[in-house]
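Protein sequence lines correspond, in order, to chains X and E. Taking this note's numbering, I'd label the letters of the first sequence as residues 1 to 605. Taking this note's numbering, I'd label the letters of the second sequence as residues 1 to 164.
It should be emphasised that the hints constitute simulated quantities derived from the structure, not laboratory data. Worth double-checking, as some hints may not be accurate.
Cβ-to-Cβ under 10 Å is the rule here; a few derived chain X residues that face chain E [as the list claims (entries may be wrong)]:
1) Pro173
2) Pro175
3) Gln311
4) Val313
5) Pro314
6) Leu329
7) Trp482
8) Arg485
Sample of chain E residues facing chain X (criterion: CB under 7 Å; computed from the structure) [as the list claims (entries may be wrong)]:
9) Met47
10) Gln71
11) Pro148
12) Gly149
13) Glu152
14) Ala153
15) Gly157
Note that the structure is a prediction, hence the values are computed from the model and not measured. The beta-carbon is built from N, C-alpha and C at its ideal position, and this holds for glycine as well.
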Amino acid sequence: MTKTKQTASPLTRRQVLKGGSALGLGAMALGLPPAWANPWGQTAAYPRGIESGPDISLAIRRETLDVAGKTARPISINDTSPGPLIRLKEGQDAVLRVTNLLEESTSIHWHGLILPPEMDGVPGVSFAGIAPGETFTYRFPVRQNGTYWYHSHSGLQEQLGHAGPLVIDAAEPEPFRYDREHVLLLTDWSFEDPATIFHNLKTGEGYYNFQERTVADFFADVQRHGFTDTAAQRAMWAEMRMSSRDIADVTGSTYTYLMNGQSPTQNWTALFKPGETQRLRVINGSAMSYFDVRIPGLTMTVVAADGQPIQPVPVEEFRIGVAETYDVLVTPEANTAYTLFAESMDRSGYASGTLAPRLGMTAPIPVRRQIADRGMEAMGSHEGMGMSGMSDMPDMDHGSRSPSSSTGMDHTEMSGMDHSNMQGMGHSPKEGMSGMAPDRADGMLPVGVAQPGSRLDRPGIGIDPDERRVLVYRDLKALRPWPDRRPPGRELELHLTGNMERYMWSFDGKKFSEVTGPIHFEKDERLRLILVNDTMMEHPIHLHGMWMELENGAGELIPRKHTLNVKPGERISALITADAEGSWAFHCHLLYHMDAGMFRVVKVA
Amino acid sequence: MRKTLLTVIAGLASTAALAGAGHSNDDSQASDHPPIDRTLAFEAGDMWFTPDKLALTPGETVRFNITNSGQLEHEFVIGDSEAQMEHREMMREMANGNGHDMSAGHHGEGEADADNMPAVTIPPGETATLVWTAPNNAEEVEFACNIPGHYEAGMNGAIQIEGS
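If we strip away everything but chain X, and leave its shape as in the complex, we get (with noise of 0.2 Å):
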C-alpha cells in the first residue's frame, strides 16, 4: 500500500474509461486495495476511488488481481474489487452507466434505495440483466441518505468481489456530528470457484465444518446434563437434519476475511487525529458471513441501522448480518493504535483492521473466542438458555411466566428443560411481551409490539451481552415516526424453511422453482409481514422497493431497515407501506440460500 501506486491507479481507471479500451490496463490497477479506502476517509486531502454522483460510469470485468497477497480472479469494478465507492447526493439524479465486459450476463442492484422497479437491478424481476458486452443505464432520482452498498445480482457473482460501498450525502443535517469518515466494508473472499463451493454445499453437508461435536463432546455433556437430557438433545438435532455446529455453512476453512479489500495480514489502516470524532461507515457485503465488530478500548455509538438515522445507543460490540450496515462514531482520545476487529460469527476467522494516529501501527488482536453450541438457545422459546445467556434469564422474564413454559423449568440448568415440546415452542402467546398494549379486536398486536416468540432483546448466539454492551434489535429506536402511522390492515405470515442435509432452503417449504407465482401486496396498503424461522440458522431477510418497519417494542419508533436478521427459531414482524408498485425480490441475504430457493417475488399491484 504505497503512496505512489494509489495515486497512479484514479488516472488509469479514468483513461481506461474514457477511452472505452476493455483490454490492457487492468493489470496495472494489480496488488492496490480499493482506492476509497483512503486511510485519511472523507476529508482526505487526495479523496480517490471514489465516483461521485450524479453522473457515473462503470465497467464490470474479470481480471487478474491480487486478493489477501495472493493472485487472484475477482470481478472487478473500474478494476478494483471490491467495487469503487459511489457516492451521491441525495436530490440528485442519479445516471450509472454500467458496462458489461464478462463472458456471461451481469447487474448491479443498489441495496437499500428506493427506486423504480426497473431500475432496481435484479435479472429476471426488474430487467433482462445486462448482456456480454452491452451498456445499461440506470436513472433514478436519489431521495434518501445514509450508507448503503451495491452487487450483482446474478448468479453467485458477488462472491467473486462483484460489490461495493454506496454513500449519499444528505440534502439537511444528519442528527449527529463527527469530524472524519471512513467506509468498512466487510466481505468473505474464497480462492474456490463459487459454483464449487455451491457444489460442496449440495453435496457434503459441513463440508466446511470442521468443528462437529465429537464423542467426547457427548460424553462430557452426559457428565454435565446426564444421559436421558444429552440423548434427546442428540435425537432432536437428528430429526433436524443439523448439526448444532452448523453456525455458518460456509467457513473460514475457505474464507479468507476482508476489510476493505484487505487481509489481516495487510491491515488496512483508517487514519485519526487524536480528539476528533470518527464516522464508521460499516458494511456487511459479504457472501454468507455474520461479523460482530468491536473495537477494544472504544465506545462505538451506533447512529444509523441500514441507512437510517436511530437514536445514539453508546456500545461495545454490535453483530452485523449479511447486507446489513450501521453507522457508529467513536472519539479516540489517546495518541494509539486501536483494532477494527470483526470476528466471523461462527468463529471461524475475522476481518481486521487498525484505526491509528499515523501508518504501520497496529495493535494487538483480541483473543479469539471458541465456536458457540447451538444447543437450547436455538430453541426459540426459551431465551437465555444458550451457552451464554443464563445470567440474563431475569431480563426475560417480563410476564413471560405462563404457566406451560415454566413449569419444571429450572433456570441454572439445561437439564430442567422439557426437550420434546418443539412444536409449540417459540409461540407461547405471552412471551417476550413486556409492556404491551392487549390484543386489538381483530387479533393482531398493536402497533410497533415485537412479536411473541421474538429475541430482539438478544444479540444472537456466541456473544455475551454480560461481557460487554452489545447492540440488540431492541435498541434501535427512529428518531421521529415514519410517515405512514396507519395500523396493518392484514397479516402475512412467512416461514423460513430449509434442509440442511440436501441443503434445500425456502419459504414456506417451497423453493422459488416450485411457487406458482408471486406475493401478492395491494397497492398502498400497510400490512405486517410476520417472518418465522423453522431453521436452527440466522437468516438476513431483504424486501426490495419498500423499507420494513421492525416491530421490535418500540411503538411509534420502530426502527425501518432493508435487511431483518431472524434467528433460529425466532418469529418477528415489520410493517410495510406497499407503495411502490412493480416486482420486486425479497429473499434471504445469504448468497447460496438465495440462489438454492430462498427467494420470492413480490408483486405490489
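Position chain E relative to chain X; hints supplied.
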C-alpha cells in the same frame, strides 16, 4: 441562517421565561442566587447544542434559557469532563438496568442532581432555565446532555472560564 434562527429562539425563550415567572419554583430558586449578570439563550436539537462553546469570567452568574427544538428529550448539565463521564456512565447503567429510556425526567427544574452537578431536563418543544455561577477554581468545564448516546453524537460543548 443559524444566527437568524437563534435570534428568534432567544425571543421565544425570554417570552417563555416571562410566562414562567408567574409560577412559583422559578422565583424561589432565583432568589437563592446572586444577581444574574447575563442571560444566554441555548438551543438543544437532535443531537447538538447551539452555541457549542462559551467563555465566562470567574464568578459570573449566568441564566441559561435552553430551548429544546428536537424531537427527543434532552438535558443540559454543567460539570468538568470527569464528572460528565461519571454521570454518563450512571445514565447508561440506568438505561441498561430497566431496558427503558430516560424519559422519566430525573432532574427537576434548575436543580442540582445527586452529584451536585447543575442540571436541567428539557422535554421536546419546551424551554428550561438554569442559573449557574462560574467558579473561581476551574479553567474549563463542559455542558452536555448525558442521555445515553447523546453526548457521543455531538451534544457537548466547552465553557472556558477566563480570569478577569
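Holds or violated: the hint that X/Pro314 contacts chain E, with Cβ atoms closer than 10 Å. Check passed: Cβ of X/Pro314 comes within 5 Å of chain E, closer than 10 Å.
Checking hints one by one. Is E/Pro148 an interface residue toward chain X, by the C-beta closer than 7 Å rule? holds (6 Å)
Taking the least C-beta to C-beta distance, is X/Pro173 closer than 10 Å to chain E? holds (8 Å)
Have a go at the E/Glu152 hint: is there a Cβ in chain X nearer than 7 Å to its own Cβ? Check passed: Cβ of E/Glu152 comes within 4 Å of chain X, closer than 7 Å.
Satisfaction of the X/Trp482 interface hint, Cβ to chain E closer than 10 Å: Given a least distance of 13 Å, the restraint on X/Trp482 is violated.
May I ask you to test the interface hint for X/Pro175 with respect to chain E, counting a Cβ-Cβ separation under 10 Å as satisfied? The hint holds - X/Pro175 has a Cβ within 10 Å of chain E, the shortest such distance being about 4 Å.
Restraint: E/Met47 near chain X, CB-CB cut 7 Å. Satisfied or not? Holds. Min distance 5 Å.
With a cut-off of 7 Å on the beta carbons, see whether E/Gly157 makes it to chain X. Hint on E/Gly157: violated, closest Cβ of chain X at ~11 Å, above 7 Å.
Restraint check, 7 Å cut-off on beta carbons, for E/Ala153 near chain X: Status holds, d = 4 Å.
Chain X contact restraint on E/Gly149 - CB to CB distance below 7 Å: Check passed: Cβ of E/Gly149 comes within 3 Å of chain X, closer than 7 Å.
Against chain E, run the beta carbon of X/Gln311 and see if the smallest gap drops under 10 Å. Check passed: Cβ of X/Gln311 comes within 6 Å of chain E, closer than 10 Å.
Holds or violated: E/Gln71 as interface residue toward chain X, Cβ cutoff 7 Å? With a minimum Cβ separation of about 5 Å from chain X (threshold 7 Å), the hint on E/Gln71 holds.
The structure fails to meet hints 7, 8 and 15 from the earlier list, while all remaining hints are met.
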